[in-house]
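Chemist: The residues making up each chain are set out below.
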Amino acid sequence: MRLSSSGLHVEVPAGWEARVRRQTPSRPGRPGNAVLHLCTRPMPAERGDFGTGVVDLLGADDLFVSLFEYDREEAGTALFSEHGLPVVRPSEFSPNGTQRPLPGQSGGQWFFTAAGRPFCLFVVLGSHGRRTAGAAKATALLSQLHVEAL
Amino acid sequence: MTRPTSSPTAAAVGALGTRTGSAAGASFAQRAVDGVTSWLAARTSRRGFLVRAGVVGSALAVDPTGYVLRPGTAYASVCGPGAAASAGWTVFCATINKGVNACPPGSLAAGWWKMSGASLCGGDSRYIIDCNATCSHCSTGGSRPGICAKSCQSCSCSTGPKSSCDQRRVCCNDFRYGQCNTQVRQVGAVQCRVVSCTPPWKFEKCSTSPATDQRTVDHNSSELPTRFTAITRRYIALGENGSTLGATVYGELAVKGGRAQRYQHGRISWSSATGAHETEGAVFRRYVAIDAEQGPLGFPVAAKRDVADGRGRAQRFERGWIYSGKQTGAWEVYGKITGRYDALGAAGGVLGFPLSGRTAATGDGGTFQVFQGGRIFTSSGTGTHEVLGSIDARYRVLESARGALGLPTSGATPITGTDGLQQRFEHGRITSSEEHGAYATLGRLGDRWLALGGATGVLGFPIRGMRDLEGVRGHYQRFENGRLCSSPTAGAHWMGRQIEAAYVDRGGEAGRLGFPTADEVVLDDGRLQVAFERGTLTYDPETGEVTG
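Protein sequences, first through last, are from chains A and B.
My numbering puts the last residue of the first sequence at 1629; the count rises by one with no breaks.
My numbering puts the last residue of the second sequence at 549; the count rises by one with no breaks.
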């Protein structure tokens, strides 16, 4: 299944659920930035942009991925100085690498600019011990993701 | 602290079901507080009751139905869900930063998220800002933007203090929300969290992209405000952390007659009669120094405003004002002094800004206050009067109200036909003119001078103060046109300048002539003469000679 919305295009692998939404602009007249969620579990309707309400549901082999877009003028700043979709390595995951660490889980963040749009890629693995496999799944997913300039 | 073991909930609910009359119009929370605190009062010591009642009150205000109807602790209701370290969330800054709801030193705002429909923000949106540690222990950044290595971070992982119900994690979570300070490539773990009802980009260097996490809407700390009140509403209107008040410091305080909230640089005070008004800066510091709401001024009734063509500011309180000039500091003016100060144009008038608070003027209740242009004295017996300019300078030399003159009994009044002024005091007066300066006249000498017409009489303005005489019982004073001498035996008598000069040459009051026994007289031949205790002096205007 292919999901295309808000300039994000992803071929959703079997067994994944994908949701994309536009953030409500904080200031009138601004475009709403995109938030893409992908998870190997069904996601509840009420969930935090960085996974609250979802990550509690992950099993050891599950993944939650959030691609969160920032205001366009942040593109190229020090935090968003990396260009293009990131490469996700197992060594870059940490049990403390989430907004709210949960036992056994692991998380990682990658800030970058793609197609002139600043993003954070946030990946939560159900098991830190299985981060090699988890990172491989995330890498496979990212290979199917394309960011389009708006 | 856990909820008492038997059934406070049942007791509270029971109380809710039975209370009528005056409580009928109270909110559910208020009635629940009444019920639970009554139940506690019957089962614990007074001290224990007060501590528990405070927490229970906060819990009921934040989440009344949750606290009364669900098992749990009052502390948990104050701090909201996920307050234990094991829940994984990060502590609030107020919990670890001496009650201050701001990023502590060594951290910076690194991102934020939004929650809607927050009771703590009056039903509007609430924001949480992550304060991440800096990477100050390393000079070079790591491989990718975001979070630096643990070894580089300025703090290490711990939990909130046991004294707080906010037991969440400190400097543990290596996470960055990413909307703030994006010029900083790497930050450390989230040290703590700031809460606000104002969007973060209005007071921090943050962008506007709104991350959301509704499940954290009731997260809070016992070191933060725990209710949405009129004070909160006023603080939001001022811009919260972005206002001149700065961040909240702990939660609201119950004060006699109302409530108050402390901030880094000010205070908001509320009473049902006055509403909520802020004090900040120098005015705030003075207000607190004089016991704030419990002091002589009471609650503020309006915001600070410019006065005296922008040379300073003033704020009105229930019973007076605080004036703050650019070079004068901030001082209160209240009571009867206020009326006199206002009548003289307040800070824009002759007195200018106050330079002190009230000071005791005498040992029996008289007080005074110093202003740029003079002083105001007040007592129940003498009234309230200003003392200005050269008269005030002379009054100070004479030890003011504690000296021989006592307290002023009038303001300064012009002396008809001259450029002079005079002011009355309990025991004398000070007369002032540009040519002769300001001098006091007192006692028998003063009375005699007045009887001679005062400044417009034969002697004119005083040109020196009254002098006591060594070795002789008596005193004298020099005037524009002569000298007035007084002794208990000879009485008070005057002489003109020509005879005065000869008299002084002959040793004056302590000389062989002694004190004058009569005023200077004009003889039939036109000569002037003064009789003394031991002789006379006669002045001949034709020759200019004094004989005797």
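The set of hints was computed from the structure by calculation and includes no laboratory data.
Errors might be hidden in some of the hints.
With a cut-off of at most 20 Å between alpha-carbon atoms, the simulated SDA-like pairs for lysine to any residue come out as follows [unchecked claim]: (1) A:1616 <-> A:1491; (2) B:203 <-> A:1511; (3) B:206 <-> A:1491; (4) B:151 <-> A:1504; (5) B:203 <-> A:1505; (6) B:206 <-> A:1616; (7) B:206 <-> B:106; (8) B:206 <-> A:1554; (9) B:206 <-> A:1505.
Stretch by stretch, here's where chain B covers chain A in the computed footprint (C-beta under 8 Å, at least three residues) [claimed, not checked]: (10) 1498 to 1511; (11) 1527 to 1534; (12) 1550 to 1557; (13) 1603 to 1617.
Ranges between beta-carbon positions, derived for each pair [as the list claims (entries may be wrong)]: (14) A:1480 <-> B:215: 25 to 33 Å; (15) B:254 <-> A:1594: 51 to 59 Å; (16) A:1483 <-> B:254: 50 to 58 Å; (17) A:1535 <-> B:99: 32 to 40 Å; (18) A:1535 <-> B:125: 26 to 34 Å; (19) A:1536 <-> B:317: 54 to 62 Å; (20) A:1483 <-> B:99: 32 to 40 Å; (21) B:265 <-> A:1481: 32 to 40 Å; (22) A:1483 <-> B:303: 35 to 43 Å; (23) A:1536 <-> B:265: 35 to 43 Å; (24) A:1524 <-> B:303: 43 to 51 Å; (25) A:1536 <-> B:125: 44 to 52 Å; (26) A:1510 <-> B:303: 37 to 45 Å.
Heads up, the beta-carbon is just placed ideally off N, CA and C, and yes, glycines get one too.
Chemist: So, for every hint listed, does it hold in this structure?
Modeler: The hints, checked one at a time:
{"no.": "1", "hint": "A:1616 <-> A:1491", "in the structure": "holds (12 Å)"}
{"no.": "2", "hint": "B:203 <-> A:1511", "in the structure": "holds (19 Å)"}
{"no.": "3", "hint": "B:206 <-> A:1491", "in the structure": "violated (36 Å)"}
{"no.": "4", "hint": "B:151 <-> A:1504", "in the structure": "violated (35 Å)"}
{"no.": "5", "hint": "B:203 <-> A:1505", "in the structure": "holds (11 Å)"}
{"no.": "6", "hint": "B:206 <-> A:1616", "in the structure": "violated (36 Å)"}
{"no.": "7", "hint": "B:206 <-> B:106", "in the structure": "holds (16 Å)"}
{"no.": "8", "hint": "B:206 <-> A:1554", "in the structure": "holds (15 Å)"}
{"no.": "9", "hint": "B:206 <-> A:1505", "in the structure": "holds (15 Å)"}
{"no.": "10", "hint": "1498 to 1511", "in the structure": "holds (count 6)"}
{"no.": "11", "hint": "1527 to 1534", "in the structure": "holds (count 5)"}
{"no.": "12", "hint": "1550 to 1557", "in the structure": "holds (count 5)"}
{"no.": "13", "hint": "1603 to 1617", "in the structure": "violated (count 0)"}
{"no.": "14", "hint": "A:1480 <-> B:215: 25 to 33 Å", "in the structure": "holds (28 Å)"}
{"no.": "15", "hint": "B:254 <-> A:1594: 51 to 59 Å", "in the structure": "holds (53 Å)"}
{"no.": "16", "hint": "A:1483 <-> B:254: 50 to 58 Å", "in the structure": "holds (56 Å)"}
{"no.": "17", "hint": "A:1535 <-> B:99: 32 to 40 Å", "in the structure": "holds (33 Å)"}
{"no.": "18", "hint": "A:1535 <-> B:125: 26 to 34 Å", "in the structure": "holds (28 Å)"}
{"no.": "19", "hint": "A:1536 <-> B:317: 54 to 62 Å", "in the structure": "holds (58 Å)"}
{"no.": "20", "hint": "A:1483 <-> B:99: 32 to 40 Å", "in the structure": "violated (51 Å)"}
{"no.": "21", "hint": "B:265 <-> A:1481: 32 to 40 Å", "in the structure": "violated (53 Å)"}
{"no.": "22", "hint": "A:1483 <-> B:303: 35 to 43 Å", "in the structure": "violated (58 Å)"}
{"no.": "23", "hint": "A:1536 <-> B:265: 35 to 43 Å", "in the structure": "holds (41 Å)"}
{"no.": "24", "hint": "A:1524 <-> B:303: 43 to 51 Å", "in the structure": "holds (48 Å)"}
{"no.": "25", "hint": "A:1536 <-> B:125: 44 to 52 Å", "in the structure": "violated (30 Å)"}
{"no.": "26", "hint": "A:1510 <-> B:303: 37 to 45 Å", "in the structure": "holds (43 Å)"}
The structure fails hints 3, 4, 6, 13, 20, 21, 22, 25 (numbered hints given earlier, in ascending order).
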